[in-house]
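*Asks:* Use the sequences and the hints to build the structure in full.
These are the residues of each chain, in order.
Protein chains: 2
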Amino acid sequence: MVQKNVRIRDVARQAGVSTATVSRALTTPDLLAEATRENVFAAIRATGYRVNKAARTLRTRQAGAVLVLVPNLGNPFFSRILAGISARLGDHETSVLIADTMDRVATGKSLVDYFLDSQIDGMICLDGGLPENDLQQFRDNGLADRIVFACEWVQNTDLPSVRSDNIQGARLAVRHLYELGHRKIAHVTGPLDNVLTHARREGMLIERGRLELPARDEWIIRGDFSLESGREAAEEIIRMENRPTAVFCASDQVAFGLMSTLTARGLRVPEDISVIGFDDIELSDFYVPSLTTIRQDRHALGTRAASLLLECIDPQSTADGHRKTPVIVDVELIVRHSTAMA
Amino acid sequence: MVQKNVRIRDVARQAGVSTATVSRALTTPDLLAEATRENVFAAIRATGYRVNKAARTLRTRQAGAVLVLVPNLGNPFFSRILAGISARLGDHETSVLIADTMDRVATGKSLVDYFLDSQIDGMICLDGGLPENDLQQFRDNGLADRIVFACEWVQNTDLPSVRSDNIQGARLAVRHLYELGHRKIAHVTGPLDNVLTHARREGMLIERGRLELPARDEWIIRGDFSLESGREAAEEIIRMENRPTAVFCASDQVAFGLMSTLTARGLRVPEDISVIGFDDIELSDFYVPSLTTIRQDRHALGTRAASLLLECIDPQSTADGHRKTPVIVDVELIVRHSTAMA
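Protein chains in written order, with UniProt numbering: chain E, 1 to 342; chain L, 1 to 342.
Worth double-checking, as some hints may not be accurate.
Restraint-style ranges between C-beta atoms, simulated for each label pair [unchecked claim]:
(1) E:212 to L:335: 46 to 52 Å
(2) L:91 to E:328: 38 to 44 Å
(3) L:92 to E:145: 31 to 37 Å
(4) L:333 to E:31: 55 to 61 Å
(5) L:175 to E:332: 45 to 51 Å
(6) E:35 to L:35: 14 to 20 Å
In case anyone wonders, no lab produced these hints; they're calculated from the structure.
Predicted model, so just to flag it, every value in this text is computed and none were measured.
Beta carbons are placed, not taken as given, at the ideal position from N, Cα and C, and that holds for glycine.
*Replies:* Below, the structure is given as structure tokens:
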């Protein structure tokens, strides 16, 4: 009779060999003596180990590597999250491999294949924009329970995720500007359809409403988290007749692009216009002026995502229920020199 | 008789099956009918295919992935090199996996094991500080001919490499400052024992000598390419009695740290002191003031390293000789607003 949840150690016990020998029989069978090999194969058949692709997912950390999908390695925001992931997985002798989802080859079918070939044991995805088609392929192959989202997530799924308290962060940003006396507050958003964009804009709108601040459509400016979109937002602001006195940017990179162009066009930060970012990347403390921002605890995002993944891929674990509730990491207001009294 | 340079297609021909079947026999033998499996194993024995670890290296791009080792993903310098690598390898249906050498797990023995398990086909190393012990392990396992260095390299080896013209870049930087009337020029170096540190300092010293500029020991300040080391260099410069009027920094990140602290301490850039960097990362155009720097063609560094690796791992290739000469990529002076007349 075929057992459920058969693991490599069950095969080893059945065959009377070590788990390493079972592993060799599967990966380098030609290096084993024929009798040993046939003995292991007989045990595989008897236990039903890995008789189909779905059963493969029952094997735990065979590859010794986890893949992290990053939406854009050009954004220095991700480095400390990766360090947190490495720190946690390093304790489990698991390597961290990284792929940029902007690299078209690393996405789509080839990535699923790579996963199916068991060259990775699990995946931490920092990109909420992973195509539904890819997710479906992971589900079809029984791999969806080996994926954890961090920072970003996919709406309307119950895949486990770790994220910052984005709504609270946006509220803190608006309240800080309000307390400095600002009433005309603009917001440069992230890219349309990004989950972070929605959460930060929502927090901004909630707090603006609560404080009964004036609202103008043109004060919500579309960006995409990039330096260049900060530059474009600055040009828009400079053209406005009813100019805001403060700008909340959806990322630090946007804030740099904005401040650079405002300064080049003769507006002083923070004397003429206050600017606050979101992320607190390392450079924020080294910009001129240093950037007031909302700090995401990037190391904690990384370590907690790694812990969650280790739990998911551990077949002993029974903690299925609570994984569906997102893990929320606190954010913090960091006041520096880019914001001042209105 | 055992053939040399046996490839999977030779085994397939011998067994009268497809290469996919040979591959399955090696990776998921339990999924094949026993007769097919034994047929393939007989062909493996007959051809001598992969009878030892060294023979494994004769297989070409089986994993469909190349590993890129990056010394510090927190430095945004690397992103465009990675994009160049991806662009080139994408044409060959090869995925790019990235590991940070600061992640201790990804280095040393586990990395060699990962390579030996053929989960990667080759490696592009952006870290010249790879321990000799690791290199020796790669050599011992016949893998040294599947490694290409880019940006950085290892002294006294003939491993293939692609690098910027660092000496020329440093000379351009000093000459630019000289032409603006500067005579007292300081240099913030990279970390001790780094090949880029040596090359850029050498270029700086060559040009300073050629132009007969004054030299003071204290004007050579040790840094480590980081923002923080730029901050420390600024503090040193502020304390000097004989202060330089211009500073050539070994990286853009150092220049940002330097400018941020000089400004905070009341010195104006470029009015009181000119600053020039090295790299031309994206942010350099968005700093206040925008940074004059030496542009490395990061995309070309990536594409050329990938081309060189593809050539190395192609068993058909006979271009062994010229790989030992480093490929040198031109650099360019980009004049912005952080340098001015002395």
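*Asks:* Using the beta carbons of residue 333 (chain L) and residue 31 (chain E), state whether their distance is inside 55 to 61 Å or not.
*Replies:* holds, 57 Å
*Asks:* Could you see if the CB distance from residue 35 (chain E) to residue 35 (chain L) stays within 14 to 20 Å?
*Replies:* holds, 18 Å
*Asks:* For residue 175 (chain L) and residue 332 (chain E), compare the CB-CB distance with the range 45 to 51 Å and indicate the outcome.
*Replies:* holds, 46 Å
*Asks:* Taking the beta carbons of residue 92 (chain L) and residue 145 (chain E), is their distance inside 31 to 37 Å?
*Replies:* holds, 32 Å
*Asks:* With 38 to 44 Å as the target window, see if residue 91 (chain L) and residue 328 (chain E) comply at their CB atoms.
*Replies:* holds, 42 Å
*Asks:* Has the hinted range 46 to 52 Å been met by the Cβ atoms of residue 212 (chain E) and residue 335 (chain L)?
*Replies:* holds, 49 Å
Every hint from the earlier list agrees with this structure, and none is contradicted.
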